[in-house]
Amino acid sequence: MAVVGAAALEQPPRVQRPGRRSRRRGEALAGLGLAAPALAVFAVFMFVPLVMTAYYSLTRYTGFGDPRFQGVENFTQIFGDPLFWRSLANTAVFTVVSVPLSVFGGLGLALLLNRALPGRGLLRALFYVPVVISAVSAGIIARWIFNENFGIANRLLSGVGLPEVGWQTSGPAALASVVAVQVWTSLGFAMVVYLAGLQGISGEVYEAAALDGASRWRVLRSITWPLLGPTTFFILVYMVITSFQVFDIVVIMTGGGPANATTFLVNYAYDTGFQQRRQGYAAALGVVLFVIVMVLTLLQWRVGRRREVA
Amino acid sequence: MTSTSARPRAVTGPGRSAPARATPSRRGAERRMTGWRLTTAVVLAAVVIFPLYWMAVTALSSPGALTRPDAAVYPTELRWENFTRPLEQFPFLRWAANSLTIAVVSVALTVVINLAAGYAFAKLDFPLKNVLFLAIVGTLMVPVQVVMVAQFNLVVDLGLVNTPTGVVLPRLAEAFGLFLARQFMDAVPDELLEAARVDGAGALRTFVAIVLPLSKPLVAVLVIFTFMWRWNEFIWPLIVLPDPDAFTLPLGLRFLQQQFGNDYGSLMAMSLLSILPMLLVFALFQRYFVEGVARTGLR
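One line per chain: the protein sequences are G and D, in this order.
The first sequence begins at 163 in our numbering and counts up one residue at a time.
The second sequence begins at 32 in our numbering and counts up one residue at a time.
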């Protein structure tokens, strides 16, 4: 006992090390134990399906029997598939129109509601309400509003002397109506994220600008907008990804019509996989969707980084 | 320059508009500006809320009343048939119960799994930690629709078609919650954990005694967002639950739409009922929706 004590006094590190090592082992066990449920769920329901998807995409598979391996046949077919290109073009147009509308709309609302204003909390909440309701209800409401014969949209248009619009019979009009609903349900989200971003800008910067006599527009352009760069970047990435995944509102509002004018990538993948039971082809479409989303995200990430450096 | 600028700020406090209050004309301009902002905001809010208002008006009107070209844009009557008729004809309450089960179970599991894993990934050291975290966060870029065919076949193999379990389990593999939890736990000061460790507490005790009580805002955000996503979800239940008895509310609404076609009164009434619980949750926890985005590092 005394000997051990003396040894410990003489060489403290050697005695401490085993203790630290066992503590470290205990920590590793606790860490793995606590992370285990998440790891299990991700392994079974994300990583396995990812591998399965990659495999399916190289097969011909109806969901019954075994998948038949056929190499890159699905992908060559996709590149010659006019409906794929149509749905890709539709998705691209939809994204290019709806994302900027949501981002700038959200920024406008955030600037409007950032500083003290009577009823500010209520107003913010009202703008956020469309974000929390389901896309299916949003689609059902929109279908009624854009009803060609009795919808309030056409009644308002003819009320102010404009021609009525064929929201279900004209392709571009149908697409526009879907864009409108998408913007309606995502504006509030952009607003809230921008409000959080605005909180992060210190008031001193604005005081300095006010002292220099900078105009409101000048302050917005040279101070607020650049300082909100990371916020804008996050919203952009998030919205582009979600807009490539749009499905619910289209199924409810237009069912992809008229004449595939509102068929988007996910609608097309769902139809091939679960209506026509061409699961191999649908998996290949999924792989293409994944590659597109990943490339867009990395692209935005690079542009965002370059802007931060500059 | 510095002395003149410092004085008004010291008098009126640290507000952003402090220098502007220095002169009366500026104060007037500021007030006019506020008036304009308020007017604009109210008009825009009215536009944004109008579809919901119109839904309510339609739900309370008789079928013929709104298809006339001269129909009013305000409710002219209060009729409840649009609510009572579909409730008698369709298992709407059953669908609501299914939705509630799926949402509540998902919320409970998501919170438990992500709190534990968030703490492990933020504060504990274990083999392959960073590789695993990157792999999981990387799946943020995988739209759910990419793997839906494979996930569905997995659910079929597990015999979970038409069960709430089949909807809940695969959706637990959502990187967003884990990402939020890790970000949040990362911000818990190490000194606090170190103090517990010095007192002889192991990693688990530290988690339960120190980290969990601090995590209330994180829990609130996870609860609200998970509830919202699961309550509103459409494509995944659509795939897993083909049997009308197993439907969730969004599936039921789509079913009604296919049944009712142009009976918009009933459709609006049922849509209204289906979004009410969500609106209630939002009204109660509104603060956390906004705070959650700000606090958990979403910016």
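Calculated directly from the structure, the hints in this document are not laboratory data.
Model, not experiment: these values are computed from the prediction.
Glycine included, C-beta positions come from ideal geometry on N, C-alpha and C.
There could be a bad hint or two in this list.
What the hints assert, rightly or not - Listing some non-contacts, in silico: residues in chain D with all C-beta distances to chain G over 12 Å:
1) 61
2) 108
3) 135
4) 281
5) 317
What the hints assert, rightly or not - Far from chain G by the CB rule (all over 12 Å, computed), these chain D residues:
6) 69
7) 86
8) 107
9) 115
10) 120
11) 158
12) 204
13) 219
14) 223
15) 233
16) 236
17) 277
As the list claims (entries may be wrong) - If you anchor each label on the Cβ, the simulated ranges turn out as follows:
18) G:388 to D:235: 44 to 50 Å
19) D:220 to G:364: 21 to 27 Å
20) G:282 to D:103: 55 to 61 Å
21) D:139 to G:191: 33 to 39 Å
22) G:278 to D:128: 40 to 46 Å
23) D:235 to G:278: 42 to 48 Å
24) G:282 to D:139: 43 to 49 Å
Hints and how they fare:
At the 12 Å boundary, the C-beta of residue 61 of chain D falls inside the reach of chain G, the nearest C-beta of that chain being 10 Å off. Taking the minimum C-beta to C-beta distance to chain G, about 17 Å, the non-interface status of residue 108 of chain D holds against the 12 Å cut. Residue-level check passed: residue 135 of chain D sits 17 Å from the nearest beta carbon of chain G, beyond 12 Å. A beta-carbon of chain G comes within 12 Å of the beta-carbon of residue 281 of chain D; the shortest separation is about 4 Å.
In this structure residue 317 of chain D is not separated from chain G by more than 12 Å, as the shortest Cβ-Cβ distance comes to only about 5 Å. With a least CB separation of 6 Å from chain G, residue 69 of chain D falls inside the 12 Å interface cut-off, contrary to its annotation. A beta-carbon of chain G comes within 12 Å of the beta-carbon of residue 86 of chain D; the shortest separation is about 5 Å. Every CB of chain G is more than 12 Å from the CB of residue 107 of chain D (nearest about 15 Å), matching its label as outside the interface.
Listed as outside the interface, residue 115 of chain D is consistent with that label: its C-beta sits roughly 19 Å from the nearest C-beta of chain G, beyond the 12 Å cut-off. Once the 12 Å rule is applied to beta carbons, residue 120 of chain D is consistent with being away from chain G; the minimum gap is 17 Å. Annotated as non-interface, residue 158 of chain D brings its C-beta within 12 Å of a C-beta of chain G; the closest such distance is 6 Å. The claim that residue 204 of chain D lies off the interface is violated: its Cβ sits roughly 4 Å from the closest Cβ of chain G, which falls inside the 12 Å cut-off.
At roughly 15 Å, the least C-beta separation between residue 219 of chain D and chain G is larger than 12 Å, which holds for a residue marked as non-interface. Residue 223 of chain D, annotated as away from the interface, keeps every beta carbon of chain G farther than 12 Å; the closest lies near 16 Å. At roughly 6 Å from the closest C-beta of chain G, the C-beta of residue 233 of chain D falls inside 12 Å, breaking its exclusion from the interface. Annotated as non-interface, residue 236 of chain D brings its C-beta within 12 Å of a C-beta of chain G; the closest such distance is 10 Å.
Annotated as non-interface, residue 277 of chain D keeps its C-beta farther than 12 Å from every C-beta of chain G; the closest such distance is 16 Å. Between residue 388 of chain G and residue 235 of chain D the C-beta distance comes to about 46 Å, which sits within the given range of 44 to 50 Å. One distance hint, 21 to 27 Å for the beta-carbon pair residue 220 of chain D and residue 364 of chain G, holds here, with the actual separation near 23 Å. Take residue 282 of chain G and residue 103 of chain D: their Cβ atoms lie about 32 Å apart, and the range 55 to 61 Å is violated.
Distance hint check for residue 139 of chain D and residue 191 of chain G: the Cβ-Cβ separation is about 25 Å, which falls outside the suggested range of 33 to 39 Å. Distance hint check for residue 278 of chain G and residue 128 of chain D: the Cβ-Cβ separation is about 44 Å, which falls inside the suggested range of 40 to 46 Å. Under the hint 42 to 48 Å, the C-beta atoms of residue 235 of chain D and residue 278 of chain G, about 46 Å apart, fit the expected range. In this structure the hint that residue 282 of chain G and residue 139 of chain D lie 43 to 49 Å apart at CB is violated, the actual value being about 34 Å.
Consistency note: the structure conflicts with the earlier hints numbered 1, 4, 5, 6, 7, 11, 12, 15, 16, 20, 21 and 24.
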